[in-house]
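Take the given structure of chain A and dock chain B to it, following the hints.
If you read the sequences in order, they're chains A and B. Residue numbering for the first sequence follows our numbering, starting at 3 and increasing by one per position. Residue numbering for the second sequence follows our numbering, starting at 3 and increasing by one per position.
Calculated from the structure, these hints are not laboratory results. Don't take every hint at face value.
Unchecked claim - Sample of chain A residues at the chain B side, in silico, Cβ under 10 Å: (1) 295; (2) 300; (3) 475; (4) 597; (5) 598; (6) 602; (7) 630; (8) 633; (9) 635.
Claimed, not checked - Heads up, simulated DSS-like pairs for lysine-lysine below, C-alpha to C-alpha not over 30 Å straight-line: (10) B:388 / B:61; (11) B:388 / B:82; (12) A:488 / B:587; (13) B:488 / A:587.
Said to hold, decoys possible - Footprint (simulated), chain B over chain A, 3 or more residues, beta carbon under 8 Å: (14) 520-530; (15) 551-564.
Note that beta-carbon positions come from the ideal geometry of N, C-alpha and C, so glycine has one too.
Protein chains: 2
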Amino acid sequence: MNALWPALLTMSAIVSSPTETPFVPAMRAVPFTRVTVEDSFWKPRIEANRTQTIPHNFKLCEETGRISNFAKAAKRMEGKFEGIYFNDSDVYKLLEGAAYAVAISRDEGIRGKADEVIDLIAAAQQSDGYLNTYYTLVEPDKRWTDLPVKHELYCAGHLIEAAVAHWSATGSRKFLEVAIRLADHIDSIFGEGKRYGFPGHEELEIALLKLFEATGETRYRDLAGFFLHARGQERKPEQEHFQAHAPLVEHTDIVGHAVRAMYLYTAAADWTALTGQRTYLPALERVWRSVTERRMYLTGGIGSKRENEGFSADYDLPNDSAYCETCASIGMAFWNHRMLLLHGESRFADVLERVAYNGLLSGVSLEGDKFFYENPLASRGKHHRKPWYDCACCPPNVARFLPTIGGYLYGESDDALWVNLYAAGTVEARVASGTVRLRQDTTFPWSGDIQFTFLETPGGTFSLNLRIPTWAHEPRLWLNGKPQPKRPDLERGYWKIEREWRAGDRVAIRFPMEIERMEADPRVTENRGKVALMRGPLVYCLEGVDHGGGVRSLFLPRDSVLTTRFEPNLLGGIQVLTGRAWARKASRDWAQLYQSAGQTHQTYLRAIPYCFWDNREPGEMVVWIPESPGVAEPPLSEGLSSP
Amino acid sequence: MNALWPALLTMSAIVSSPTETPFVPAMRAVPFTRVTVEDSFWKPRIEANRTQTIPHNFKLCEETGRISNFAKAAKRMEGKFEGIYFNDSDVYKLLEGAAYAVAISRDEGIRGKADEVIDLIAAAQQSDGYLNTYYTLVEPDKRWTDLPVKHELYCAGHLIEAAVAHWSATGSRKFLEVAIRLADHIDSIFGEGKRYGFPGHEELEIALLKLFEATGETRYRDLAGFFLHARGQERKPEQEHFQAHAPLVEHTDIVGHAVRAMYLYTAAADWTALTGQRTYLPALERVWRSVTERRMYLTGGIGSKRENEGFSADYDLPNDSAYCETCASIGMAFWNHRMLLLHGESRFADVLERVAYNGLLSGVSLEGDKFFYENPLASRGKHHRKPWYDCACCPPNVARFLPTIGGYLYGESDDALWVNLYAAGTVEARVASGTVRLRQDTTFPWSGDIQFTFLETPGGTFSLNLRIPTWAHEPRLWLNGKPQPKRPDLERGYWKIEREWRAGDRVAIRFPMEIERMEADPRVTENRGKVALMRGPLVYCLEGVDHGGGVRSLFLPRDSVLTTRFEPNLLGGIQVLTGRAWARKASRDWAQLYQSAGQTHQTYLRAIPYCFWDNREPGEMVVWIPESPGVAEPPLSEGLSSP
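Chain A extracted, bound-state conformation (with noise of 0.2 Å):
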């Protein structure tokens, strides 16, 4: 036990008074596996995930020793631990994800895989209930020695989120009760009365949340609640970059390191929805504020600094250098779905959308074998998707991201079905009078025209609740096929139809999708003069393969006229945006502080969505278009002798 630990506040300082409200979540998310996704923009990258991304991960999993770090820590094998210390965490990732597609396509292969490397991790798990490859094999006197840079509650967290997917996925236990095992080891470690301490990386948080609601046992969420308080009571500055630099309910700015950012504040939401307890929402609001309207790119991505992958100073939004990490994009999907359910607020799925559709799916290939670590906005020609990395948090991320992006569509309370994504499917949600089966038709996010068919209506009064995204001016909507002449006032951003549902009935709503061309706040320096370009939820680029070669020295003056077509056979059927532009070609010599503006000639521009960039031939890439030549730069050949 510490010795600071009993100097500090006591964990019923963050529990409320008895006599305030609880707090009750506006909404719980349908799960993903009762969502279907049938549309032609997610499934083919489910599909993908699950023919590619996932045994593409196995096997470079095997590859790299991480699988047999286990059989050693296992004695099943003669050898020395292999590779980073946080290793274990890329197969546990993997396994998740795995267990999720399992859950949606029964995958005997994945499935069978899946069962070979958990008996391995079941061995490799000491008698008393701890499970760390690198600390088994390496430093087997050390366990818990290092919590700020060690990772092993960060490992522990990652199985335990694997366990219970596994066991949600197949209904065996013998992954849950390793996890299970594992928890109570940690649970006896620390906590009030015994050891202070909280994960150097958070996810553990996440993971004890979810473990409680499989088992029910409150010590799961008491410890989630105890790391969570734990956190930052030292107020060591130098701490920030894991957001220890000062207790959760006094955060502000979001600072420090991205993912660990995004998994703190999911975590902290998780408590709140399952608690009642209001102790962290401020904060969250606050901390909520600081990233989405200053430190966060029109993609979604977050983190704009190599050097902490992490935040930076508000408006500090480079293009060429966006940090941008996979795994914060999924970690800012996490958070902002969680504080969708919490408020029931459109600002939050509109966030969840950005990201979703931009900054994360951009971090895996079309072909589903590739991934980016770092997503910027920008790129001279040089960065490209790699199948692997040594450190490979963002591969395995993403395998278990995306086989759950039906559960990110729909939500469901007493009184309503909440459609806050949209995509082509069915849901099967549950309100308070029964089950409801809604079936959605649309080629979103192509099209804009989306209807939606009660499939089962358990009768009774609930409301049907559209998000109206930020981007969609003017929908229009037909009930039964008569059209509503007036939109009425939102409820937090989604338009409510409540009625006596019967199977049948339809809705149709109509999102003009108009080509905007995007500013960013001013004080986005290197964004001042430029546009991006997107068309509903998709950010759009340019990319060199389709304007030989350069894009960079291109503008797009305000008044030139856009135009999009749906292009079937371009990177598996996309929208793409054309129009005129120009582009600057004549070389400056800045020896002299002023001279005549330079030439530009006419050309013309086509972007695609930013999602879908470097697959084909490697090359230049922009999502902010200058709109004019003096912001532009100049032609590459030239652009070498100037500043």
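Just chain B now, with coordinates in the frame of chain A:
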């Protein structure tokens, strides 16, 4: 004698080895007294200077006690010293301007007024030659005790310049004798083997060299050389403000107070011309490149920073807060003219022209009775000329510059008559074989068509050297009506026509006067995405009065066509530029980091020469015009709520 002095380098260090060929300047200036200016651009300014500016300056110098300070020091009047300790210099600069006005106009009113003041000055001179009303009246025992701050030597310099001008204009030696006594007094105190020191504000160096030219007394030249050499020998970084951070030979970047720097380098160039010593040439070249390539505004204005009235970092050239003191522009004209005379290279005339037609001339109202101290390149509507300033350096500096503009037009050397700037009128120049008289006919700067007619020629071959401005692309030339088919290779930017000229010979040259969109080096961040309009030597600006008040939300796309026309009834007759422009209109609430690009609407643009601005209704002004709405500012009413 300062103890430090013996340890310093001695004068011999700045004198070249006797074996080195003395430096010979490319040309001598044809003095303004041998030039007539008979155009519609400068002549009205010269007239306003004589009829308004000079009488206005006399009146204000009287009203503010500047002249009565001399009466008090002469014990012809009771009372305390009034004003700032360097106020004597304003009177001297006014007298210098008055002398120049008398030289070209024989204005008896000005002559009489000047004589009265000169008599007071002579009476205020102390028996040992000392003359400074502040010290005489306030701190008589503290003479020469605060060279860095108290401007005694600076004031002495302006007295000497005024006295040389008066003698030159009138033939009277009464003021010159005062100057000689003062110079002798200073020479008795400072110099090698005497006291170490140098002016905290450069100026005396220029004056002593003029006094040497007027009298032939080499002591004055050598004392100027001493001050040039002594400066910075102590290498005090904190003395960067007056360029004493390092010896002049080591200067590289332009630093410190802008007016001080200009007067220093002007004197160094004069010293080079008068001694043939190459000592300072490399430093002058380095510093000239520093200012013209990295620290100068498009208008030729210099000194971007208010705090030090001087230089800042490379490319730090903000528009709204551009300090650009009028006196610094005058100094910039002085120095570049001197550099031109030394080298005969048009690049120096380009800068001279840039500052004379723009950032210098803007310093005075068309009427001649109001003055800018600061000449920013943008205004929100609050920046206006004033009749006077507590620190009134600028009004009398304008008064002494304008009458001499003719002296900047032509140069003479043994083998050539040089035309450095273009303006209608006549010149009498001296080449080796005798006197040349030439008439220049043109409406420059409104037109680029210029015709020269030789009125008198001395016989023998010499060259007519016509400067080709950098802005003049593809000039055409006719000799006695015959087109010259091809432009020869220019010699240092001059088109040289060597022949045996005869009276009646005519040369016509045509500089196409295109409307140029100018761009700044992209390292000037504030101008990225903006252009400035120029036509010939004139920088243009947009004024609120021509645009219904606001000009800061305007933008001018690259493809908008601009036209020009002469407006005879506007501001005495000016060429305006007009075209279609656009303006931002939608209000922007940047609580959202990204949003749809704001609305724009088409409008028009009417640009006037920058040097004519603030002569009508007060309002906004910009020189650098955004090319796209994202670079433009929101309209004023909405700007209040934006960052």
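Taking the hints in turn, this is what the structure says about them:
1. Nearest Cβ of chain B to the Cβ of residue 295 of chain A: about 5 Å, under the 10 Å cut. The hint holds.
2. Hint status for residue 300 of chain A relative to chain B: holds, with the closest Cβ pair at about 5 Å, below 10 Å.
3. Checking residue 475 of chain A against chain B by beta carbon gives a least distance of about 8 Å; that is within 10 Å, so the hint holds.
4. Interface hint status for residue 597 of chain A: upheld, as the beta-carbon distance to the closest one in chain B is roughly 6 Å, under 10 Å.
5. Annotation: interface hint on residue 598 of chain A holds; nearest CB of chain B at approximately 5 Å, less than 10 Å.
6. Interface hint at residue 602 of chain A: satisfied, since its Cβ lies 6 Å from the closest Cβ of chain B, which is below the 10 Å cut-off.
7. For residue 630 of chain A, the interface hint holds, the least distance from its beta-carbon to any beta-carbon of chain B being 3 Å, beneath 10 Å.
8. Of the supplied interface hints, the one on residue 633 of chain A holds, with its beta-carbon coming within about 4 Å of a beta-carbon of chain B, less than 10 Å.
9. With a cut of 10 Å, the hint placing residue 635 of chain A at the interface with chain B holds, because the nearest CB-to-CB distance is about 9 Å.
10. Restraint check: the Cα-Cα separation between residue 388 of chain B and residue 61 of chain B comes to about 15 Å, which is no more than 30 Å; the hinted pair holds.
11. The straight-line distance between the Cα atoms of residue 388 of chain B and residue 82 of chain B is roughly 27 Å, inside the 30 Å bound, and the hint therefore holds.
12. Between residue 488 of chain A and residue 587 of chain B the CA atoms are separated by roughly 28 Å; this keeps the pair inside 30 Å, and the hint holds.
13. Distance hint between residue 488 of chain B and residue 587 of chain A is fulfilled; the C-alpha atoms sit about 28 Å from each other, no more than 30 Å.
14. Counting residues of the stretch 520-530 of chain A whose beta carbon lies closer than 8 Å to any beta carbon of chain B gives 10, which meets the minimum of three for the stated coverage.
15. Under a criterion of three residues with beta carbons nearer than 8 Å to beta carbons of chain B, the stated coverage of the stretch 551-564 of chain A is upheld, 3 such residues being counted.
The structure fails none of the hints (numbered hints given earlier).
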